[in-house]
Structure formats: C-alpha cells, structure tokens
Amino acid sequence: MTTPEAEQSQTEPAGAGTRGGAEVPAGGAEQGGEAQVTAEGDGRPEERLERAVRAAEQALIEYEIAVETFRVEVENFSRLHHQKLGPMYARLDELDARIAEATAARTGDPEDIRKADEARARVLPMPGVEELFHGWMDGGGLFPEAAAMLTEQPVQPPQRVRPSDEARKLYRELARKAHPDLAQEEAERSRREEFITRVNAAYARGDEALLRELAAEWAAGPVPKDQGPTPAEELYARLEWLAQRKEMLALVAKELEEGAIGAMLRLAPDDPDRLLEEIAEQLLAQVAEREAELAALLG
15 MTTPEAEQSQ
25 TEPAGAGTRG
35 GAEVPAGGAE
45 QGGEAQVTAE
55 GDGRPEERLE
65 RAVRAAEQAL
75 IEYEIAVETF
85 RVEVENFSRL
95 HHQKLGPMYA
105 RLDELDARIA
115 EATAARTGDP
125 EDIRKADEAR
135 ARVLPMPGVE
145 ELFHGWMDGG
155 GLFPEAAAML
165 TEQPVQPPQR
175 VRPSDEARKL
185 YRELARKAHP
195 DLAQEEAERS
205 RREEFITRVN
215 AAYARGDEAL
225 LRELAAEWAA
235 GPVPKDQGPT
245 PAEELYARLE
255 WLAQRKEMLA
265 LVAKELEEGA
275 IGAMLRLAPD
285 DPDRLLEEIA
295 EQLLAQVAER
305 EAELAALLG
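Each residue of the sequence shown is one higher than the one before, counting from 15 in this note's numbering.
Keep in mind that the hints are not guaranteed to be accurate.
To be verified - Quick list of in silico lysine-lysine cross-link-like pairs, DSS-like style, CA-CA up to 30 Å: (1) 268 with 98; (2) 183 with 268; (3) 129 with 98; (4) 191 with 268; (5) 183 with 98.
Said to hold, decoys possible - Quick list of simulated restraints, FRET-style, between CB atoms: (6) 300 with 190: 45 to 51 Å; (7) 313 with 131: 20 to 26 Å; (8) 204 with 283: 35 to 41 Å; (9) 283 with 248: 39 to 45 Å; (10) 296 with 187: 38 to 44 Å; (11) 280 with 135: 29 to 35 Å; (12) 231 with 274: 48 to 54 Å; (13) 226 with 96: 28 to 34 Å.
Simulated from the structure, these hints should not be mistaken for lab results. Remember, predicted model here, so these are calculated numbers, not experimental data. Glycine included, every Cβ here is placed at the ideal spot set by N, Cα and C.
Please put together the full structure from these sequences, using the hints given.
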C-alpha cells in the first residue's frame, strides 16, 4: 500500500516539470510553444503544447488512480478497525463508567458524581445505534466480538473487503482506458463519468466479477472519436484545468493521509492486519487493568 504522493513519484514522466500543479515536459509551454519548432516535429506551433497536455493528462490520471486506491484502503481499514476493535473500545467505556460510579458511591463527592454521570452518558445507547452498527451490538449492550475476546473464545474475523490483486489490476486498466479526463467532448465525458462511477463502486466492494463485466462492456462500447489539433489558447486552458484538478486531488490525498486511519496505515503499510492485532492486544491489556481496578473498588 502506497500513499498517493509516493505512487505519483513513480509514475511521473521523465523530464517533467509543473505548471501550477499539472505536469508538463521540461522547457514546455511556458517558453513559448507558438514560436519554437522542434527538429523531430511537423512544424505546427501547437505541437509542444499538445505534448504537454498529453503528458499532464496521463500524470493526472495516474495520480487520481493513486488517490482513489488509497481512499479505498483507508475506507476498508476503517471498517475493519471498527469491526475488530470497536467492541474493545465499547468495553473500555463501560468499565470507565462503572469505575467512576463506584468511586462516586464511595466518596459521595459532588465532583466524583458529576464525573460518573458524564462517563455513563458516554456509553448510553443513542437512538438507532443498532442500525448504525448493522447488528454488531447485542441486546445486552456488549458486542459479540468483545464477549468472545474477553472470554478467550475464538473470534470470527471480519469479512475482508480489500480488493484482490486481480481486482486492482482490472480497476487500473479500466481507469486508464475510460477516464473522463481523456474526453474532449462533453457528451463523451459524461458517458465516461457514469461508467467510471460504476467502476469505482465495484472496486470499493472488491467485486472482481463485476469489474470483469465492466471491462467487457467498455470493450464493446463506442470508440471515442479522435480529436484534431486544438488551438493554442484551448491547450493553455486545458493545462490550467488539469493543474486545478491536480491541486484538488492533492488536498483530498492530504486529508486522507493526515486523518487518524491514514496515519495508522502509514505505521504498517505492508501488514495492516498485524497492526490491528497489536492494537487489540493493547486494548485487552487496558481492559484487564480496568477490570482489576473495578474489582478493587467493589471489593
């Protein structure tokens, strides 16, 4: 698992520079593409700009693929984190509330009573919480996984939803072929956006079979028309749009990487499951400490 910035550095074309965030070949449009003609070109003033646009388009697509891949990793790790560790956090909250209540019962101090009320309020069920957790909480308020872990019973692992290697390969191929940023006409762009939306949804679910169906659908679909030479002013506008798109994606990637789940993933990019196991062990130790503290208060 790599972050979008790391993956981008592996896909940038050699000799590329930037124009407001979009990659352009070194010595590109800013040096006056209209007035310079390369020895290997056909002499058209827009040639250098066209090459810059093509390079920027490909770089943007690769970066967008990296951001979407990382977003799916973060989303799925967050789901696994909640499924596996959520019960332990709930148990800790319950123990904290009971410890605070036992302390308040002993001292009768108004401040201890206030702290106990606050601790209990944090674990009271909210309306619709069972629906939010999709049946993970049982009628007694304790998640089945928490009960199993606390009694050292086998815990059924949560369903793995991270896409397989084949699903990743299919997704990347479809994204490169059907990406909306490759379209010049609005109708073609809309068609691609609708198709890529379905591709992203299938990839997020790790649905390899559906991705294969979508690949066949794209192969059988209409072939986008080749575009003729674009005037220089439109090419400049295209570069500016690509730069703005790249900047927007960079902000999305930054939010993902700086979020709590993204930060956790960076700790163990190659083995996130092991990271969950280590955190679970730490939480179990904290539960044992809280239970011992509670037993001392009640004894």
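For this session: May I ask which of the numbered hints given earlier this structure violates, with the numbers listed in increasing order?
Result: 12
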